[in-house]
Amino acid sequence: MLDAGRGAAPAPQFAVECAPPFMTVRFPSSRRTLGWSLLHPGFATVREVVWVEVRNRDLGPDVDASAFLRQRLADAGLPDALALMTSRDIRRWRLDATTVEDVEAACLTTVGLSNGERVGSRFPVRPVPGTVNTLVHVSRPLTDGAFVEAISIAAQSRTAAILDAHPPHSGQRITGTGTDCIVVAAPIEGAATQWAGLHTAVGEAIGAVVYRATREGAEEWFAEFAPARPREGTSTLSTV
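Per the working numbering, the very first residue in the sequence shown carries number 1; after that it's consecutive.
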């Protein structure tokens with residue numbers, strides 16, 4: 001079933017509009033973010049986060065990916081948005097939300113594993129633009145240190161979900177893709193939370209929503225594409 005966004009009901013922390021080739025997340029007010037997106041790496045302040053769906057032919061070896069993305073955003077009337085690119089069908093988005101103590105967290109993700117890698121061991125092939133793009137939002141403002149802790153928790157959770165979703169007996173397990181992107185977003189106004197480790201309410205909430213959303217997306221991807229085209233030593237078998 002397409003365009004379902006299966007998972008928890010949409011959280012009130014942001015609105016999601018999926019109209020391929022764009023999926024737009026709009027916050028009620030500006031948010032501070034930390035991530036390694038192409039056009040807003042590091043800390044940034046944004047009102048919108050946009051997924052841009054691309055095809056393999058869009059990003060040939062001679063294409064400037066940053067210029068390509070800027071033009072797509074300008075054409076969509078979103079020149080200042082934080083943007084994420086993927087060749088995964090963005091209608092396959094997954095959303096999960098939870099509350100731990102007084103902290104609300106929500107994760108929106110698209111999971112495409114064709115560009116799969118195992119940490120510490122690169123596969124000797126030219127990557128294709130399949131990726132895992134993860135946006136996680138928490139209801140509390142965060143200090144710089146808490147942002148860094150939060151993004152580390154999101155990365156741990158994403159990796160655990162991909163490993164746990166991997167079908168048994170189907171080759172070397174991947175831990176992510178060569179082009180994954182994670183963005184953590186939080187409100188700007190208010191007293192900032194200093195800690196976001198695994199033992200905190202913020203860390204628990206982030207870990208839970210990222211794990212559930214990513215695992216569901218990964219299980220769907222493996223079911224859809226894993227048997228299609230074996231590649232020696234891997235299980236990342238598609239171009240989405």
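Hints in this document: simulated from the structure, not taken from any laboratory. Model, not experiment: these values are computed from the prediction. Every residue, glycine too, gets a C-beta built ideally from N, C-alpha and C. A few of these clues could be false.
Derived CB-CB ranges, DEER-like [unchecked claim]:
#1 144 x 28: 19 to 27 Å
#2 62 x 160: 18 to 26 Å
#3 143 x 56: 37 to 45 Å
#4 56 x 91: 29 to 37 Å
#5 60 x 198: 39 to 47 Å
#6 195 x 58: 39 to 47 Å
#7 167 x 119: 35 to 43 Å
#8 167 x 89: 32 to 40 Å
#9 145 x 76: 28 to 36 Å
#10 172 x 80: 23 to 31 Å
#11 56 x 145: 37 to 45 Å
#12 189 x 60: 25 to 33 Å
#13 190 x 61: 27 to 35 Å
Verification of the supplied hints:
1. 144 x 28: 19 to 27 Å: Given range 19 to 27 Å: holds, Cβ gap about 23 Å.
2. 62 x 160: 18 to 26 Å: Distance hint for residue 62, residue 160 is violated at roughly 37 Å.
3. 143 x 56: 37 to 45 Å: holds (40 Å)
4. 56 x 91: 29 to 37 Å: Once the Cβ atoms are compared, 18 Å apart, the range 29 to 37 Å for residue 91 and residue 56 is violated.
5. 60 x 198: 39 to 47 Å: holds (42 Å)
6. 195 x 58: 39 to 47 Å: holds (41 Å)
7. 167 x 119: 35 to 43 Å: Once the Cβ atoms are compared, 19 Å apart, the range 35 to 43 Å for residue 119 and residue 167 is violated.
8. 167 x 89: 32 to 40 Å: violated (20 Å)
9. 145 x 76: 28 to 36 Å: holds (35 Å)
10. 172 x 80: 23 to 31 Å: violated (41 Å)
11. 56 x 145: 37 to 45 Å: holds (39 Å)
12. 189 x 60: 25 to 33 Å: Since the Cβ atoms of residue 189 and residue 60 sit about 44 Å apart, the hinted range of 25 to 33 Å is violated.
13. 190 x 61: 27 to 35 Å: violated (46 Å)
Violation of the numbered hints given earlier is confined to hints 2, 4, 7, 8, 10, 12, 13; the remaining hints are satisfied by the structure.
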